[in-house]
Amino acid sequence: MIRVALLVAGKDLRIERRSRVLLWQVLPFGVTALVLCGLALGPTHAGHSSAAPGLFYLVMLLVALLMINRAQVIESSPGTRASIATLGLDPAGVFLGKALALAVELWLTGLVVLAGSVLFLHTALSGTLEAVPSVAVTLAALAAAGTLYGALSGGGQGPATLLPILSLPAFAPLLIAGERSFSSSLHGGSLWRWWLISLVALAAYLAIGILLYGVLEES
Amino acid sequence: MIKTLSQRLLGPVTLVLLALTFWLGLWVTPPDKVQGNLARLLYVHPAIAWVALYVSFGTAAIASALYLWKRTRSVVMDRVAHCAMEVSTVFIILTLITGSIWGRPTWGVWWAWDARLTSTAILGLFELAYLALRRANDDPELRARRSAVFAIIAAVNVPIIHFSVDWWNTLHQGATVFTENGNLLVHGIMLWTLFLSLFAFTLLFFWLLRARYRVEVLRAQRYDVALDEALAQRRREGVH
Amino acid sequence: MDETPPVVILRDAVVLINGFPLLSGIDLDLDAGSLVVVTGANGAGKTSLLRLLGGLVTLSSGAGVVSGIDLKHGDLRELRRRVGWLGHEGSFYDDLTARENLTFAAKALGRPTDEIGRVLERVGLSARTSTVAKQLSAGQRRRLGLAWLLLRRPETWLLDEPYASLDDQGRTFFDDLIAEVVRGGATVVVSAHDPLRSTALSPRTLTLAGGHVVGDVS
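Residue numbers (the working numbering), protein chains in the order written: chain R, 1 to 219; chain E, 220 to 459; chain G, 460 to 677.
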């Protein structure tokens with residue numbers, strides 16, 4: 001399972017490095033969305049809002065939707081699916097590999113958007129750096145959940161509108177945990193509850209993916 | 220014969236018990252000393268919420284799990300899961316509506332970001348997503364598998380959502396029936412009417428589930444007829 | 460007398476997608492080590508039959524056994540490991556080079572990667588190892604798919620319209636390769652609009668129409 005996971009993750013990241021979709025499309029989208037958040041807050045509040053952590057995660061949710069769809073589209077051509085199916089890869093390994101690749105991409109994007117939140121939304125640098133571990137765990141949980149929902153929504157062959165409906169309700173607790181822990185890092189407060197939510201969600205999605213991804217692949 | 224008799228009696232008994240609940244709740248029981256007549260929602264809102272969050276959603280989740288387990292996998296389980304989830308969606312919407320009706324005079328707004336309301340709303344969104352997923356897949360087996368996996372994920376998410384939202388905010392009134400020590404807060408005829416409402420709405424769920432299941436069976440029969448015609452048509456393509 | 464059971468047994472096999480019968484009741488026996496050509500007009504069910512044999516679509520009704528695996532109740536993942544698929548669409552990742560695609564397949568199969576150079580040379584792509592798959596011509600992509608199969612060496616080869624987009628040289632190359640694979644004991648099923656050119660191959664020819672077999676010539 002681990003061997004297959006590393007193989008699949010390496011393949012996805014190599015494809016990403018060559019296609020540069022993350023660099024030229026997703027990162028600019030993330031920064032643009034963050035700037036739009038500032039505009040939406042208005043000139044008085046744009047640089048002074050306590051909503052900054054929530055806006056960071058809202059932008060990351062939108063980025064995640066793009067990346068999840070992208071991860072599934074890579075596999076979605078009928079010929080590719082058929083050929084890969086004949087390799088008989090362990091579905092649990094495939095799930096872990098795709099989740100790992102997606103997590104790496106979200107971490108890279110998250111770092112850029114965090115830098116953007118310091119620049120545009122004036123979040124304190126020290127608090128933002130302190131939030132990095134909780135951001136990493138929350139984005140990892142988002143990646144695991146997103147990989148599952150990507151497969152549920154038809155693996156790139158289903159309608160693109162289905163993925164948001166399926167995944168956004170599930171992302172709600174991650175949004176809450178992420179926003180609360182980021183806020184606590186900025187303004188002080190207890191972090192353990194929010195770490196617990198993110199870690200439990202990560203463990204739950206990893207377990208469900210390992211157990212049930214094969215059922216979705218058979219579909 | 221007993222099964223047929225109980226199926227026939229389910230509807231009339233449900234209607235009688237619901238009528239009794241409404242009569243007791245609206246006319247016989249006294250108003251609450253603090254909330255007045257607004258407290259009569261006690262005989263509707265908790266029962267609807269109980270059915271939505273535990274009975275119907277629980278039925279859908281269990282049926283989905285049984286569908287995924289090879290030993291118990293059958294089209295019956297898929298149909299039960301689908302029908303229960305549909306009924307659950309209706310009950311969740313009613314929970315939110317009755318909750319808003321209660322909340323308006325209490326909190327001054329139709330919607331407040333209270334933990335229980337919010338987590339109920341999120342669960343409602345999960346259920347709408349389940350129905351959207353079913354509509355997006357025409358192939359019966361594909362639809363059944365994906366829906367079952369999604370229902371399991373939703374069930375696993377219930378405690379995660381509950382605790383995350385609960386820790387995030389709490390405005391909802393506290394325990395309605397029991398204190399933390401297990402002492403009763405509601406007494407006399409109000410308590411009995413509350414229990415009656417729980418029972419009556421639970422029966423209502425099973426009645427609606429049965430009716431909805433029968434529609435699914437008829438739909439499947441119509442699908443089979445259409446399939447036979449499609450097969451015959453397809454074979455005729457090769458004749459000339 | 461050869462008592463080896465057929466590698467493929469289908470009885471009234473029906474395959475439905477979104478309620479439409481792609482295959483409307485196929486009865487078929489195929490012996491191991493045979494070469495079969497499946498012909499028919501567009502929409503006759505050729506690709507669907509091949510996908511059924513590869514465990515790439517599920518049997519909706521009827522019965523079927525391929526390579527000893529029941530199509531209704533057996534382990535389709537195991538069946539897919541035993542077959543090789545060459546579709547008329549792309550069979551690999553467009554953004555990986557020819558070598559990277561084959562390296563991925565080799566590692567997935569636990570095969571040594573030093574075979575890749577030999578395989579690419581065999582299919583005439585040694586000058587294209589570092590070319591990204593989406594930049595290969597249609598014929599070259601077909602050869603890359605063949606390289607994928609040569610690396611895998613499956614028991615059963617399922618080739619879906621392999622001659623499309625090939626020039627004369629390419630078609631001859633495919634004929635020779637198919638003959639070599641059949642001589643090696645594999646079962647080869649080819650879907651094609653045109654019959655195989657080499658009469659020396661003597662394939663069995665199935666004609667499909669309306670999702671079922673309307674002609675069977677050995």
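Just so you know, these hints were derived from the structure itself, not from any lab. Accuracy of the hints is not assured; some may be wrong.
Unchecked claim - What follows is a list of derived Cβ distance ranges for each label pair: (1) E/G277 <-> G/F479: 33 to 39 Å; (2) E/S293 <-> G/S677: 40 to 46 Å; (3) E/F241 <-> R/L211: 44 to 50 Å; (4) G/R470 <-> E/E456: 20 to 26 Å.
What the hints assert, rightly or not - Computed from the model, here is a short list of chain R residues facing chain E with C-beta under 7 Å: (5) L162; (6) P164; (7) I165; (8) P173; (9) I208.
As the list claims (entries may be wrong) - Covered stretches of chain R, as calculated for chain G (at least 3 residues, CB under 8 Å): (10) 10-17; (11) 81-90.
Glycine residues also receive a C-beta, built at the ideal position from the N, C-alpha and C atoms.
Hint check results:
One distance hint, 33 to 39 Å for the beta-carbon pair E/G277 and G/F479, holds here, with the actual separation near 36 Å. The hinted window of 40 to 46 Å between E/S293 and G/S677 holds, with their beta carbons roughly 42 Å apart. The supplied range of 44 to 50 Å is met by E/F241 and R/L211, whose beta-carbon atoms lie about 45 Å from each other. Checked against the given bound of 20 to 26 Å, the beta carbons of G/R470 and E/E456, roughly 21 Å apart, stay inside it.
Hint status for R/L162 relative to chain E: holds, with the closest Cβ pair at about 5 Å, below 7 Å. Residue-level restraint check for R/P164 is violated (minimum Cβ-Cβ distance to chain E is 9 Å; threshold 7 Å). With a least beta-carbon distance of about 5 Å to chain E, the hint placing R/I165 at the interface is held under the 7 Å criterion. A distance limit of 7 Å between C-beta atoms decides the matter here; for R/P173 the minimum to chain E is near 4 Å, and the interface restraint holds.
Hint status for R/I208 relative to chain E: holds, with the closest Cβ pair at about 6 Å, below 7 Å. Beta-carbon proximity to chain G at under 8 Å applies to 3 residues in the segment 10-17 of chain R; the threshold of 3 is reached and the given coverage holds. For the segment 81-90 of chain R, the stated coverage by chain G holds: 7 residues have a C-beta nearer than 8 Å to a C-beta of that chain, and at least 3 were required.
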